[in-house]
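Visitor: Here's the letter readout for the chains.
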Amino acid sequence: MLGRTANGLYWMFRYIERAENTARLIDAGLRMSLTRSDSSDDDWDGVLQSAGVREDYDKVHPSLSGLDAVDYLLRDKANPSSVMSCVEAARNNARMVRTALTRETWEAVNECWIELKQVLARKARSTDLPEIIDTIKRRAGLIRGAFHGTMLRDDIYNFARIGTFIERADNTARILDVKYYVLLPAISQVGSSLDNMQWESILRSVSAHRSYGWVYDGEYRPANIADFLILNPRMPRSLAFSYDKIVSNLGFLAQQYGETHAAHETASATLTLLQNRSMDDIMDQGLHEFIEEFIVQNNRLGQEISDGYRFYQ
Amino acid sequence: MMNAGSSPRQPYQDYHEWYASQDRTRLIAKSRDAENIFRKTGITFAVYGHADSSEKLIPFDIIPRIISGREWRKLAQGIEQRVIALNAFLDDIYHKQEIIRAGRIPRELIEKNETFLPQMIGFKPPGGVYTHIVGTDIVRTGEDQFYVLEDNARTPSGVSYMLENRETMMQMFPELFQQNKVRPVQNYPNLLRQSLASLAPPGCTGKPRVAVLTPGIYNSAFYEHAFLADQMGVELVEGSDLRVIDGKVKMRTTRGYEAIDVLYRRVDDDFLDPLTFRPDSALGVPGIMDVYRAGNITIANAPGTGISDDKAIYSYMPEIVEFYTGRKPILENVPTWRCSEPDSLKYVLEHLEELVVKEVHGSGGYGMLVGPTATKRERALFADKLKSKPGSYIAQPTLSLSTVPILVNKGVAPRHVDLRPYVLVSDKVQIIPGGLTRVALKAGSLVVNSSQGGGTKDTWVLED
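Same order as they appear, the protein sequences are chains A and B.
Residue numbers for the first sequence follow the UniProt record's numbering, beginning at 1 and rising by one.
Residue numbers for the second sequence follow the UniProt record's numbering, beginning at 1 and rising by one.
Calculated from the structure, these hints are not laboratory results.
Any given hint could turn out to be false.
Some but not every residue of chain A turned toward chain B, in silico, with C-beta under 10 Å [said to hold, decoys possible]:
#1 34
#2 80
#3 91
#4 95
#5 110
#6 308
#7 309
Even for Gly, the Cβ is constructed at its ideal location relative to N, Cα and C.
Input sequences plus hints: build the corresponding full structure.
Guide: What follows is the structure in structure tokens.
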């Protein structure tokens, strides 16, 4: 496979993952502003931060408002992480690597782009937002379904999967990074309705508010929430789960290519860490420091994969 | 579709019966379905010079163009004869030049032609094949009467539409394919791959590795390049993916550099190798011509084939066919006036309102004058261009092209069409039964190019 194709696949799936995650962040933000009587536009500050675009937002908008934030996250071309920018980039990459994709996968991406281009052509009215968010999630789901149902499990599949999980780990870590203080042990004593709301919002932004209830008997405890998002190997958006997938996909590549790279070692070391640490350990070390370190390491892994497999544009 | 009376022509009989039983509003709804299928599949093309409309659909008409098996056989024989002659002609002008010495073609017409590549003199491409893929443009003017418009021996495009049009028709009207015995076209990608692989260069020792070279995703035909690579199961590469290493053309893969043996290039000669041709080309591979001449890669179609489908050479095709095959051409050429000849120029200037005037090196329907539909002023302006550069133009009469029906809101209406069958050349000549039918969607128009508002149809060749 061309290094350019591997690079295109990797980024195509990072962008699809990012589009879906951004939609989820908006969803959580909307939920907050709907359910809280004292809601303010400041809630969107955290959402923009989680999406990693807080500073860039200020360059375009003089003040923070819910509708502007949503517009910036959904469809602003100046925001490379907006849903529309991501879908556009994913589709461009898909066109470029068309020969590596099944017809079903390509069509799912192309139809996603066609529909969203139409849906996001104008600034959304707040009454339309739930449906728009739904459309984005459904389209991302259709791409995932077509991809899983039809793609051969070869290196093409592995590069796509690695892109998905590097992005997902990054997104989950970012959400934690922005809200880490809500999860510190000191606050766990408080348990005001405001905190409950914050905790639910974190879970909602990774689509985990229901599954959390199944695993931890429904009671919001910060340490459990952090455990769920960082260490739980069965929670599909946790760091541990993402790294398990990255390691196994890198393993298949090593088998197929008969060689390993620095990336293999980095990914395995991180997975081992996530498997062997306890939440108490992490809290003792400092949750904030742990997450910051993780994000840096995750970026480095992305670079090592790109070097090891000779990615280029 | 119809005879002079009101009965359908023989190949259309079954279809006509089916059509008569259909509800028109349903058919019009099906037309929209077809458009959606094309849109979601991403079968689009780019129109140069339109920034906003960077991706467009080619309009598709759901009424097939139907050719009887008998008419097709004659057509196929004629095409085969012509393609064999083209290859013999190319081999000759890059070697002994017997046709020039025999006085059948003026020397300067060859050697001063921009499409003639001196770099190819004395070089024999693998298998002696120059034109691996040909798309002969043909028009029908009456029963068993065909004219060749152009030979398209460089990089004929449109074959993906032939395949997708059939795919779409089979999806929408499966019953039609049970009632009519339509010869299949779907094995084209397989045949193409086999045909290319069979012409691997002498330097290829293992299983030949084939790749398609595209100028990139902004090229108007990118969809087709990706489609063909995908259907053949080969790599789609750009110039920047390739490099000459150790005398081979290699691509940058996830495991390092790997050699390519056969390159189906969809990049023009000029851009193929900046060390040999245009030095500013970023689309090609520096040094690929050296690898080619050393017998370590096959380039399809061979560089320098453009000379054979040059519009000035076209007018000599009857002589060329006869010279190399020893027989009269089965298919006719459209009578052509070469404006470089003073007598012809005089005639053309006097008869502009009856003629179609084309640029010798032009394509895509750009820069031509359709005399009968042009305004007086357009004709006058064109006459000035003609007088200042007569050698750049040829002129042809407007033929009374046959029409086929298309679906319009009120039912069916006749429109002019042409036909581009696709031909693969290896140790044999294979002609895919069917091809791309292009249709002028404007009533009365003779211009079928997609860049000028033309559409396409599925083309059926019946078994009979």
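Visitor: Of the numbered hints stated previously, which ones are contradicted by the structure, given in increasing order?
Guide: 1 and 2
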